[in-house]
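Q: Knowing the structure of chain D, use the given hints to seat chain A on it.
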Amino acid sequence: MDKIQLAEFFKSLDSDLEVKEGKQYTEVTVPPSKIHSLASQLREKEEALFDFLDCITGVDYGHDLGVIYHLRSTKYQHMVVIKSRTADRENPLFDSVSDIWETANLHEREAFDLLGIKFANHPDLRRLFLNSSWGFPLRKDYVDNDMITW
Amino acid sequence: MEEKVKDIDTDEQQEYIINIGPQHPSTHGVMRLVVSLKGETVKNVEPHLGYIHRGIEKMCESLTYQQIIHLTDRMDYLAAHMNNEVVCLAVEKALEIEIPDRVKVIRTLMSELTRIQSHELFWASYGMDLGGQTCYFYGLRDREMVLDIFEETTGGRMIVSYNCPGGVMYDLHPNFQKRVKEFLKHFRKVLPEYDDILTNNVIFHERTVGIGPLSLNEAISYGITGPSGRASGFSCDVRKHEPYSAYDRVKFNEVLYAEGDAFHRYLARVEEMRESMNIIDQLIDNIPEGPYAVKMKPVIRLPEGEYYQRVETPRGELGVFIISDGNKTPYRVHFRTPNFANLSVLNHLVKGFKIADLISIFGSLDFVIPDIDR
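Taken in sequence, the protein lines are chains D and A. Be aware that the first sequence starts at 1, since it is given in the numbering used here, and climbs by one per residue. Be aware that the second sequence starts at 1, since it is given in the numbering used here, and climbs by one per residue.
Same shape as in the complex, but just chain A:
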């Protein structure tokens, strides 16, 4: 009898290795997490990447700047518009082109719509990860309206490829303003429902409050940006610190919290949807008249040099670093993607929590895997 008890003891001493993914629903894509467990407690998490590595940076070296934009859609497919925008802004800055006002406002409007639909999908899938199936239907139902707006103007729903150096591909659809106002009216009505079903839900609180806390200094050291960083009090909104497009003419609050746990990372995203709606409100009736693009040469050659441009995507700071040697294709392109940087903190956050909390923490960081692998 005594021997048996000892055996159980030694079993508990051993670490149990379990693979989550690459096809696990809660990894939201093809990523494998090798988790070391002691009992139910997570000792170590090691992400294995590369299941969806396409070599986008290598491909960029043999493509022209107009062609690169269509590849960037495929990194963070929920923030396709911002990914396009960052390359366009870098090219425009390098060529010192002045962009028409109309383009700036269109880009800002599209960015904020993208942010709303991305956070809606986060809300939907995070609810589902933690056992609230209804959330998924609510989130996708409302997201559909934004995708319809995109489809009408750009022809694409997620992979929009709407930007081009010097402006946007086509003018706004005549229905655009009407549709956006309809959506805002609808979304303002249903957003309190989001709070009722999830934000104020006791079971949800149990799963998220105090789980995976991240301090301000850690957030800076790990390079955590976006709502995840701002939930820890890290003021990192590129729209505030380095305004691009039309962000210098709109008023909005940077959503900041001090707690930095999974719940506040969630809350930051919900509040950002409200801020995005305010930004759209300020611009939707004042879209300036004018051309929707400036005429560019068919072959764009950037002057020799190095260019770095940042934008704020729904998941954080996206940077593009272009080295040009004066040819029509870039010499080297590097994307500083927010998900890649945010991933580095995962192991630090989950250590010591239960395996069920791993799902909660992983979900609260809102990863899009193709953006990590590129």
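Just chain D, with the same shape it has in the complex:
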């Protein structure tokens, strides 16, 4: 599907979805509560078949914390970017998609490790690179007294 068809496809799934023409890919913004249902529909629907998860990126927007999914279809080679964000910095909670794409398991652990973003129903949400007493270094308000700045 090209960008226009993709935008229509997302509108047909859920008319509340915020679909935007990005510079490269179609970008869809969803609230955290809808991620899992949208993801499983994208994976299952024959006409879209987003079966390959490229990566999951956690982002600190300053006030909000967000998650960005890059999805691709190995059959049609089209790509879409799913975005979600929450203002809750204390307990940022998104639904895990590791039951839909196995690769999400490690990507979500990485986002948890570096940004403190939690994923509900993740089978094994532990720190990945750093130990548990470390802060979340990719957050913009992270302070490390030993950090070299210039």
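Don't read these hints as lab results, they were simulated from the structure. There could be a bad hint or two in this list.
Said to hold, decoys possible - In silico BS3-like links for lysine-lysine, alpha-carbon gap of 30 angstroms or less: (1) D:Lys45 x A:Lys240; (2) A:Lys328 x D:Lys23; (3) A:Lys328 x D:Lys20; (4) D:Lys20 x A:Lys240; (5) A:Lys93 x D:Lys3.
A: Just chain A now, with coordinates in the frame of chain D:
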């Protein structure tokens, strides 16, 4: 007597936990695998990461785009050129700069040489992992010739840092074409030896054929790209699906197999070396004349927005995701590294196989640990 037999039974019921690494030679770097064994059978493998985590993504947030390129070398040090290239391509795409033809061809040539030397090292170390010491010497001997070519042009052997936004750092060395042709001639002669000593070796077959099979659907779900994915029949070559640099003007085959076991993951890499040589053949005599870089502003500011760029490294699909807020440093950089994604399948592959097969499967996935930890 009967009691003793019972004891042995209960011992066998228990799982035995063993640490492989972080300094084990077969992990090819600092990674710790916590392996649960029942007898000799692997029940569970849990990789422990972070021994070489340097926070590259965090560092990128305080560096300019030219500086970032020098950090990316340190992720997958066997594919340093592609790691540089992905950032350059992303920056060039964001600024909508047209790159001279000469640069595109130079980048493609360098990428394919990088792919050959990386697969040579894979071949060498995989042979050694499975008990063939000679392979290591053969592989490193031939790899040295490629590294010499790199050294002559770029000044670096592994960590080349040859790309810069808008082109490459310096022009090709006058000896480049001659040296590459010498290397191809030599390598075409010795590659059949590689097959004789390892590919057609019965002991090697025993260790790899049917070991750690991965189906196509699993490969897609686990996000396995590169030769490891293509050995399972997953057509995932970025060079084919989303051509960058000069890949749209060369002819080559995507090496695909259906079996997906350790042997075919190995075979895919050996065949890719042949394909890479074909690509170099097509380009080496037709390097266009022209500038080797376009003039860029000393301070690069990407327009506000998000940019995603993929390239094909020897180990799979490398993606870079840049969020820019218009400053000279990026707001957020995320690397989708192939080794990180490929690692997720390890536990699934080794379950039920013997501990000796763990080495075989781990080797066949060709991990570079700094690329996982970043």
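Q: All hints, please: hold or fail.
A: Quick rundown of the hints versus the structure:
no., hint, verdict
1, D:Lys45 x A:Lys240, "holds, 26 angstroms"
2, A:Lys328 x D:Lys23, "holds, 20 angstroms"
3, A:Lys328 x D:Lys20, "holds, 26 angstroms"
4, D:Lys20 x A:Lys240, "holds, 28 angstroms"
5, A:Lys93 x D:Lys3, "holds, 19 angstroms"
Checked against the numbered hints given earlier, this structure breaks none of them.
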